[in-house]
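*Asks:* Residue strings, one per chain:
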Amino acid sequence: MNKNVRIFFSKTGRAIYISHLDLYRVFQRAVKRCKLPVWETQGFNPHIYITFALPLALGTEGICESLDTKLTEDISFEEICERLNSALPRDIRVISASEPVYKNTDIEKSEYEVNITADNAKLKEFFAQEKIITEKKTKKGISEIDLKPMIEIAEHSDGFIRLRLPSGTETNINANLVFEAFEKQYGVEIDLIRIKRTAVYCKNGEIFR
Amino acid sequence: MYKEKLDKILLKIQKPSRYIGGELNSVQKNPDDVTMRFAFCFPDTYDIGMSHLGMKILYSLINEVPEYWCERVFMPLPDMEEKMRENDILLYGLESLEPIKNSDFIGFTLQYELSYTNVLSMLDLAGLPVYSKDRPDLTPIVCAGGPCVCNAEPIADFVDLCILGEGEEVNLELMRLLEKCKAEGCTKHEFLVRASQIEGIYVPSLYDISYNDDGTVKAITPLENAPATVRKRIIKDFDKVYYPENFVVPFSAIVHDRAVVEVLRGCIRGCRFCQAGYLYRPFREKSIDTIEKETISLCETTGYDEVSLSSLSTSDYSEIETLLGRLTDYTDKESINLALPSMRIDRFSDELLQKIKSVRKSGLTFAPEAGTQRLRDVINKNITEENVLESCRIAFEGGYTSVKLYFMLGLPTETMEDMDGIKDLCDKIIDLWYTIPNRPKGKGIQISVSLSTFIPKPFTPFEFEPQPTEEEIDKKQKYLLDIINSKKVNISWSRYPFTILEAVLARGDRRLCDVIYKAWKKGCKLDGWSEYYRYDLWKEAFKECGIDVAFYANRKREYDEVMPWSHMDVLVSRDFFIAENKKAHSEAVTPNCREKCAGCGVNRCIGGKCFE
Chain A
3 MNKNVRIFFS KTGRAIYISH LDLYRVFQRA VKRCKLPVWE TQGFNPHIYI TFALPLALGT
63 EGICESLDTK LTEDISFEEI CERLNSALPR DIRVISASEP VYKNTDIEKS EYEVNITADN
123 AKLKEFFAQE KIITEKKTKK GISEIDLKPM IEIAEHSDGF IRLRLPSGTE TNINANLVFE
183 AFEKQYGVEI DLIRIKRTAV YCKNGEIFR
Chain B
749 MYKEKLDKIL LKIQKPSRYI GGELNSVQKN PDDVTMRFAF CFPDTYDIGM SHLGMKILYS
809 LINEVPEYWC ERVFMPLPDM EEKMRENDIL LYGLESLEPI KNSDFIGFTL QYELSYTNVL
869 SMLDLAGLPV YSKDRPDLTP IVCAGGPCVC NAEPIADFVD LCILGEGEEV NLELMRLLEK
929 CKAEGCTKHE FLVRASQIEG IYVPSLYDIS YNDDGTVKAI TPLENAPATV RKRIIKDFDK
989 VYYPENFVVP FSAIVHDRAV VEVLRGCIRG CRFCQAGYLY RPFREKSIDT IEKETISLCE
1049 TTGYDEVSLS SLSTSDYSEI ETLLGRLTDY TDKESINLAL PSMRIDRFSD ELLQKIKSVR
1109 KSGLTFAPEA GTQRLRDVIN KNITEENVLE SCRIAFEGGY TSVKLYFMLG LPTETMEDMD
1169 GIKDLCDKII DLWYTIPNRP KGKGIQISVS LSTFIPKPFT PFEFEPQPTE EEIDKKQKYL
1229 LDIINSKKVN ISWSRYPFTI LEAVLARGDR RLCDVIYKAW KKGCKLDGWS EYYRYDLWKE
1289 AFKECGIDVA FYANRKREYD EVMPWSHMDV LVSRDFFIAE NKKAHSEAVT PNCREKCAGC
1349 GVNRCIGGKC FE
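Quick mapping for you: the protein sequence lines, in order, are chains A and B. All residue numbers for the first sequence refer to our numbering, where the first residue is 3 and numbers rise by one. All residue numbers for the second sequence refer to our numbering, where the first residue is 749 and numbers rise by one.
Treat the hints with care, as some may be off.
Claimed, not checked - Straight-line Cα separation of at most 30 Å, DSSO-like style, residue types lysine-lysine; simulated pairs:
(1) LYS760(B) with LYS150(A)
(2) LYS831(B) with LYS124(A)
(3) LYS37(A) with LYS777(B)
(4) LYS138(A) with LYS753(B)
(5) LYS138(A) with LYS1270(B)
(6) LYS753(B) with LYS186(A)
(7) LYS760(B) with LYS126(A)
(8) LYS756(B) with LYS150(A)
(9) LYS881(B) with LYS763(B)
(10) LYS124(A) with LYS849(B)
(11) LYS141(A) with LYS756(B)
To be verified - Residues from chain A that keep clear of chain B, each with C-beta distances beyond 12 Å, as calculated:
(12) GLU42
(13) HIS49
(14) GLU113
(15) HIS158
(16) ILE209
To be verified - Partial list, computed: chain A residues near chain B (C-beta under 10 Å):
(17) ILE18
(18) CYS36
(19) LEU73
(20) THR74
(21) ILE77
Hint data in this document are derived by calculation from the structure and do not stem from the laboratory. Cβ coordinates follow ideal geometry from the N, Cα and C atoms, glycine included.
Could you build the full structure based on these sequences and the hints that come with them?
*Replies:* Dropping the structure here:
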């Protein structure tokens, strides 16, 4: 039997410096440690099947990160969480496990909470512009994009911003990019910034489950 | 705690996860609950230091004591160092993220001489004066261990004390003494005098060194009742020695990213150039049960999918085939790779190869070290050409298509004929390849020849020998490149500026401390890294201190010369090294310890024979 499982986890504290590539290895070793019967890909170089829904930028916290995997035995969702938590580093915690509802391709955007020490008037002005042009590195090279239509500000007070940005297979905007654009435009360096991904939404407006 | 400050800089740094700790199995303790803190420093980068077995053992050993806390500290790369200095971040421990200058001990493991400037860099980054005499307080005590402290003289002015021998034996004893001295309100000097009475502890400041007019050491005089010779500490019951149940598992890939089980310590071989072969004597093995238990425990607590059996020469394990049989039962079932890094050519049997093959097919490495039988006899590398060819045959038949061969240039008595010998051996391996009927089709044979340069080390039969000059080494390298022109052979070689510095530091005396200081002040650090190594600055430092490099590197020592390390006793006797040196020059071999005791002297301290 193969049991499809979607696992939600948080990546906070010291774990925010684990790169996306290294994160795969962290989970691979955790699976091995807690002897979770994860299905192995067939082929010349078999490896355990784990696939992440969305990459999380280095330095960004996440409390709704997810990965999909397949188990070869029927183990309860509670037990999956318990076993993984016993085997993961402190700052990566499994929150829940369940059957996948939506497909990864259904993902449309992510919500971020940003704690920031910067001139708030300038930030307001920055977001109110008609166009926010910046450079984005893509596989093909560096291209110019307009961030303005992609940024949805949900909340903005002094030192705190809640915003939504496109995520998923088509367009993916890293929250850092927005604040780097701010720094570039005003020629300033933000003293302290903490970004946390707090929710992932599907095209139908539902939370990604 | 520096977490906030680090959050501001780490995203601007290459591979930030190595500077933040928090890895699986790293040990967190409440600072209020601990009485002794030990900052274990590896004077090289995280990627290298985290691969080092000794650090893993001692880290866990100290942390087993509930009220002691050991942290890991590594050398930051220049991008990180710059940001740390800009933001007033002192060198910190990866566990607490607090400055190490508040620790009780700052302990360096010295694995290679080219890391000495990193010790100075790290002390300076920690906010401490680099000279021992400029640190008057009782704590932190700066200490050093590892193979290089068998001659600690070039760093004698910087460290407060050295630990000679196996740290599992002595570290806790030393920590208990400091704990006591702290409670009694002792001065640093009082503590050091008391520490010098512990066997295996060397306090450089308690020895006065005088020199002859020709620059050699005249006398080494102990002060304040310090022992005339400092004796290496060893674990007697190696099977019962502490071994960690788990390892800290890094987030990023490091050099040796796997579980490691030490199967034996010491070496029976007695290759005359090899310092480790003498320093780690006597030869001691763990039992199969212990090795199996440690293998399973480590794999289960780390989640690693590779485990390596470590030692100076793993194939010399007395029951190697039984051991591999037992371990592969477990590793095969759990799909774990079993890696055997240190295999001797002459122990390379069909059966053994099958065992390795069942796990993974990677390259094969052999170390004949010298091109002719004559020179192999001189260095006591008891391997014949037949051994090499037979092992290659087995390997080729088993599907291997590449072989890596290690040779050393500049060995005592070496001539151009020995260079020809290297070429001949390569040719014979290539010829052999074409005689194998079932050799892998469509693939050619690839031989990688790696040429290092002989570096005479203390506590070897070659400690008396000169290192050849740059011209001599150059000539031999060029000659080899000239005569080996097969496309099937790749040659790589070590650069002389690295080897000369290592040669000077390895057999150096206390007068080199100021050279190291000067070189470091000029910007030398990370000397083991070709992209950072600045031999031009080192040369300036030598010149300014009036030190002649050739005196240390290229000079032959007499048998009766007082060596800068003459007050160290690694349990192998000077007389033995002299006898072995004479045998080398008469091209006579010494059988391995298992065949016949060579009388090196180590058995006097284990109360009997090394082998039953």
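*Asks:* Checked against the structure, which of the hints given earlier come out wrong?
*Replies:* Violated hints: 5, 9, 10, 12, 13, 19, 20, 21; rest satisfied.
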